[in-house]
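Assemble the complex: chain A is given as a structure, and chain B with the ligands must be docked to it using the hints.
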Amino acid sequence: MDSRTSNKVKCELSQVLGPGGTRPVWKHDSKSVYVHIPFCAQRCGYCNFALIADRADLVESFLEALARELQWRLGTEHPPRSIETLFLGGGTPTFLSLAQAERLVTLLRKYFVWDAQAPNHEWSVEANPNDLTSEAVAHWSELGVTRFSLGVQSFRAAKLQLLERTHRALDIQRACDLVRQHGRQLSLDLIFAVGDETLAEWESDLRAAIDCCPQHLSTYQLTYEKGTQFWNRLQRGLLNEADQDHALRLYQRTREMLLADGFEHYEVSNFCRPGFRSRHNCVYWSGRPYWAFGPGAAGYIDGCRYVNHSSTTTYIKRMALGESPVVELDNDGDEMRAREYFVFGMRMLEGVDLQVFADETGQNWECLFGDQLRHDLEIGYFCRNNHRIQLTPTGLYISDTLWPNYLSSS
Amino acid sequence: MSQDKIRNFCIIAHIDHGKSTLADRLLEHTGTVSTREMKNQLLDDLELERERGITIKAKAVTMDYKHRDGQQYELNLIDTPGHVDFHYEVSRSLACCEGALLVVDAFQGIEAQTMANTYAALDQNLQIIPVINKIDLQHHRADEVAEEIVQVLGVEPESILRCSAKTGLGIPELLDAIITRLPPPKGDLSGPPQAMVFDSHYDDYRGVITYVRMTQGEINKGQKIRFLRVGQNHDVLELGHFRPQRVSTNKLSAGQVGYLICNIKSLTEVDTGDTVSIPGDHAAPPLPGYKKPKRMVYCGLYPSDGQEFSELRDSLIKLQINDPSFEFEPESSDALGFGFRCGFLGLLHMEIIQQRLEQEANLDLVQTAPNVTYEILLRSGEVIEIHKPQDVPDQGEIAEFRQPIVRCNFLVPEEYVGTIMKLCQERRGVQAGQEYLGGRMLVTYDLPLAEVIYDLHDKLKSSTRGYGTMDYELIGYQPASLARVDILVNGNRVDALSIICNRDDAERRGRVVAKKLKDEISRHMFEIAVQAAIGGKIVARETVKALRKNVTAKCYGGDISRKKKLWAKQREGKKRMKSVGNVDIPQKAFMAVLDTGDK
Ligand SMILES: Nc1nc2c(ncn2[C@@H]2O[C@H](COP(=O)(O)OP(=O)(O)OP(=O)(O)O)[C@@H](O)[C@H]2O)c(=O)[nH]1
Ligand code: SF4
Ligand SMILES: [Mg+2]
Chain A
1 MDSRTSNKVK
11 CELSQVLGPG
21 GTRPVWKHDS
31 KSVYVHIPFC
41 AQRCGYCNFA
51 LIADRADLVE
61 SFLEALAREL
71 QWRLGTEHPP
81 RSIETLFLGG
91 GTPTFLSLAQ
101 AERLVTLLRK
111 YFVWDAQAPN
121 HEWSVEANPN
131 DLTSEAVAHW
141 SELGVTRFSL
151 GVQSFRAAKL
161 QLLERTHRAL
171 DIQRACDLVR
181 QHGRQLSLDL
191 IFAVGDETLA
201 EWESDLRAAI
211 DCCPQHLSTY
221 QLTYEKGTQF
231 WNRLQRGLLN
241 EADQDHALRL
251 YQRTREMLLA
261 DGFEHYEVSN
271 FCRPGFRSRH
281 NCVYWSGRPY
291 WAFGPGAAGY
301 IDGCRYVNHS
311 STTTYIKRMA
321 LGESPVVELD
331 NDGDEMRARE
341 YFVFGMRMLE
351 GVDLQVFADE
361 TGQNWECLFG
371 DQLRHDLEIG
381 YFCRNNHRIQ
391 LTPTGLYISD
401 TLWPNYLSSS
Chain B
1 MSQDKIRNFC
11 IIAHIDHGKS
21 TLADRLLEHT
31 GTVSTREMKN
41 QLLDDLELER
51 ERGITIKAKA
61 VTMDYKHRDG
71 QQYELNLIDT
81 PGHVDFHYEV
91 SRSLACCEGA
101 LLVVDAFQGI
111 EAQTMANTYA
121 ALDQNLQIIP
131 VINKIDLQHH
141 RADEVAEEIV
151 QVLGVEPESI
161 LRCSAKTGLG
171 IPELLDAIIT
181 RLPPPKGDLS
191 GPPQAMVFDS
201 HYDDYRGVIT
211 YVRMTQGEIN
221 KGQKIRFLRV
231 GQNHDVLELG
241 HFRPQRVSTN
251 KLSAGQVGYL
261 ICNIKSLTEV
271 DTGDTVSIPG
281 DHAAPPLPGY
291 KKPKRMVYCG
301 LYPSDGQEFS
311 ELRDSLIKLQ
321 INDPSFEFEP
331 ESSDALGFGF
341 RCGFLGLLHM
351 EIIQQRLEQE
361 ANLDLVQTAP
371 NVTYEILLRS
381 GEVIEIHKPQ
391 DVPDQGEIAE
401 FRQPIVRCNF
411 LVPEEYVGTI
421 MKLCQERRGV
431 QAGQEYLGGR
441 MLVTYDLPLA
451 EVIYDLHDKL
461 KSSTRGYGTM
471 DYELIGYQPA
481 SLARVDILVN
491 GNRVDALSII
501 CNRDDAERRG
511 RVVAKKLKDE
521 ISRHMFEIAV
531 QAAIGGKIVA
541 RETVKALRKN
551 VTAKCYGGDI
561 SRKKKLWAKQ
571 REGKKRMKSV
581 GNVDIPQKAF
591 MAVLDTGDK
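As you go down the protein sequences, you meet chains A and B in turn. Going by the numbering used here, the first residue of the first sequence is number 1, and it counts up by one from there. Going by the numbering used here, the first residue of the second sequence is number 1, and it counts up by one from there.
A hint or two may mislead.
[Said to hold, decoys possible] One side only, chain A facing chain B, incomplete, derived with CB under 10 Å:
id	residue
1	Val113
2	Gln221
3	Thr223
4	Gly227
5	His265
6	Glu267
7	Arg279
8	Val283
9	Trp285
10	Ala292
11	Gly296
12	Tyr306
13	Tyr397
14	Ile398
Think of the hints as simulated: they come from the structure by calculation, not from any bench. All values derive from a computational prediction rather than experimental measurement. Glycine included, C-beta positions come from ideal geometry on N, C-alpha and C.
So here's chain A without its partners, still in its complex pose (with noise of 0.2 Å):
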């Protein structure tokens, strides 16, 4: 590194360094909660998430054992909790039964109002577009949520074939169009890099889903995850991953034309409409406090980062018997919070403000990383603005390499 320059951007950043917060950020109290509904009619062969396939004779206990939680969690003396977001997630909320899905609803308002003082909430519910028929989007809807996230993965026939998802593109956008009309916002996420598909054929896909006219996209490389069918096929040889390249070419591509079409690329796999960002996964990147229930759901309160079990019926027989679900609970020291800060902040491309840093985490990141940061903007991974660190494209590309280095001192 070449020294001169390499001190000035030591003087020039050091300025920014603020008195450092009071309270850290991860201190405040939570305004958010996911719950996580562990089921789906089947189990696609890439998929790795806490879920149980086709037990639909489940779902009663598993909302007994949820109500467990939440009175463990939370307690029954408390008055309802304000928060500013909910995230239905799984597995497949749309499994329940509109029946189901109102004594969740219920169940849940006991122990949370929407924050009268924020300005709008944001609820969630992920959804499989087979399932959106139009009552269940009415019943949803009327219910509260106001945002649908779609798993479509594809709008083409072959690659969901291959993906085991069970719609079709016509299904898609029709769940899309019965959303809009019930004007709730959209959200879809799709799968690339499968099989061996082309650039051509991705594109496909990318302009079927900005036809749709989601608010939201995420877009997700398709990973081979240990203990899924796809894994033991990558290792058998019958599925060839992605070369990196092309992969690269994809993910590019995508960018390119979500950005051309007025998309905001605001997170690593997340793009969308201008003022459309998930508020609720923005709260994961920020380091801020969240809820979490139910099986293999991890929350984040008071610093501390817990897990439940993920088995679906060990986390019901483990309710049933007053025994707590969790299976992991760190609590890592300031430090080690605020280089999580760090880090998971600048999966968010607008990146992380070293003013805000230092008031929100308490630290000194010149002490924690200040070296390494250095480094990587005179290499050109990051880039500054003013006090705001961003990735650049190149940085963007190879991120994951680049943060073991900010997990740890040297």
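Below, chain B with the ligands alone, put in the same frame as chain A:
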């Protein structure tokens, strides 16, 4: 105990033929160990012995036995290891005995180590009792095996015993034979004390425990003794027998086997093969002693975290106290920093030491590929020993490059002779003999040690469907056409990756290694060139492409803990790698140079 009531013997055999199990039965039958305390292979008490199910160190134990003639006898047994790496333990044990139980597996029959050990015992004029073991096995071929023993060892068929160390069948007959067929020790009881030091180990509380075989006179508790070769005097604080725990007595006399404790704080003060006597002019003459075990392979051991250098040194010192057969000296490498060049008796020995360092001392090590010792005659006339490839001087300075040669005995069923000859010829072997032996062929080749040590045993097993066995001993150094192949990573020579191999094969090896390294080194932010060079000339080049995309798609609430842990782990993993220039080379890569490229 009068001398004619003492029998000293060791148990020798090919690996896994049941020596330690047979020792169990003898311990049990003589009541030395109660049934309650009994466990399988009781004498294999080192953790690694139990873990691997093999004997590594010879063990001595004293048993009292009341024979059917009504007399009380003292039996001193030494259980020996069967693996070729530890053969020197066998030779040391033989020198302390008058007899040997030669155990032969009733199914496997005679194998290469059976013969090597038998010849060693005959060299020492030991009385041999052949014992066919495992006759409880359903498909045993005891009759054929007996036939083999008669033919190969030239013993009388009637002298062969049969037993099962598993069920205890035949053990009384065996004890009987030990008493009636093995000679008692000789040795003047009244002369000045003289004892052979045949082993020692370090006890955290008592210091050095010296194992001795009395050959003359007697040693008493409290007596002043002298280690003749080392030249040091000590007071005997305690002496006694292993039963198998230490049990103290007041004296040891000619013919007996036992231990001495003398408040000695370091094993370096005790020399295996030394003679114990008394200080002054009336000392007994020193005994011939042992040949020092020869280090066959060397490798570099480096702490993966440079900081742990002194911890590694301390652990090596501690280990060496209990295993003087390996040696080490500090060395440094541009690529790996400060570490040690360590010499071992063989690859198994190397593996064991490394495992002990990692387990007992909790060290994380980078190991370089093992190599043998070479000799180089310089143009200046000087002869130097080369323990590591990077020390090979420029070609111009070398008058002669010599490598160690071993004589290798293969014992195989006849139909595999062709296979063996092919294996050996590929490895530049020279045939030294071929002999028909009890239904099998004994094929003898002189081979470069380097060609034998890495994988010949595995190759032999796989190409003879497990039937072939081998044994080897060093016979000397011979000139050869050798070359050093260097590896360059982004133009920097990585000293710890250099190899020495046959000149004719050097280019091919260079290509194989470069390719292998390419697979081991993960993609970096930039392109990496991996090259092989011989004497400055590049003979192979591979490229590790630059990293293009590495970004996790999903990172929501539940992924955060997982990602955090994964990245922290990667960080740890990176610490363990060695960087050359800016390139991180994983630990495994340093072994990659062993890949010879043949299937
Ligand atoms: N069936 C049967 N198995 C036996 C008998 N004796 C030993 N074994 C088995 O053979 C294997 C090797 O036995 P060990 O006593 O460890 O052999 P060893 O000769 O001491 O082996 P090394 O010390 O490693 O050379 C073990 O699995 C024993 O259980 C026997 O008489 N019958
Ligand atoms: S629908 Fe979604 S959550 Fe359910 S199995 Fe398929 S990918 Fe997994
Ligand atoms: Mg043994």
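Supplied contact hint for Val283(A), tested at 10 Å Cβ to chain B: 8 Å, holds
Restraint satisfaction for Ile398(A) [CB to CB of chain B, less than 10 Å]: 5 Å, holds
Interface hint outcome for Val113(A) [beta carbon to chain B under 10 Å]: 22 Å, violated
Interface hint compliance - Tyr306(A) to chain B, C-beta minimum distance less than 10 Å: Nearest chain B Cβ about 9 Å off; hint holds.
Minimum beta-carbon distance criterion (10 Å), Arg279(A) to chain B: Check failed: Cβ of Arg279(A) comes no nearer than 13 Å to chain B, outside 10 Å.
Status of the hint placing Glu267(A) at chain B (closest C-beta pair under 10 Å): Where the cut-off is 10 Å and the nearest Cβ of chain B is about 8 Å from Glu267(A), the hint holds.
Restraint outcome when Gln221(A) is required to lie within 10 Å of chain B by C-beta distance: 5 Å, holds
Gly296(A) as chain B interface residue, shortest Cβ-Cβ below 10 Å: 6 Å, holds
Chain B contact restraint for Tyr397(A) - C-beta distance below 10 Å: 5 Å, holds
Given hint Thr223(A) near chain B, where the shortest CB pair must fall under 10 Å: It holds, given that the least Cβ distance between Thr223(A) and chain B is near 7 Å, below 10 Å.
Hint validity - Gly227(A) Cβ closer than 10 Å to any chain B Cβ: 13 Å, violated
Hint status (Cβ of His265(A) to nearest Cβ of chain B, threshold 10 Å): For His265(A), the interface hint is violated, since the closest Cβ of chain B sits about 13 Å away, which is over 10 Å.
Against the hints set out earlier in the document, violations occur for numbers 1, 4, 5 and 7.
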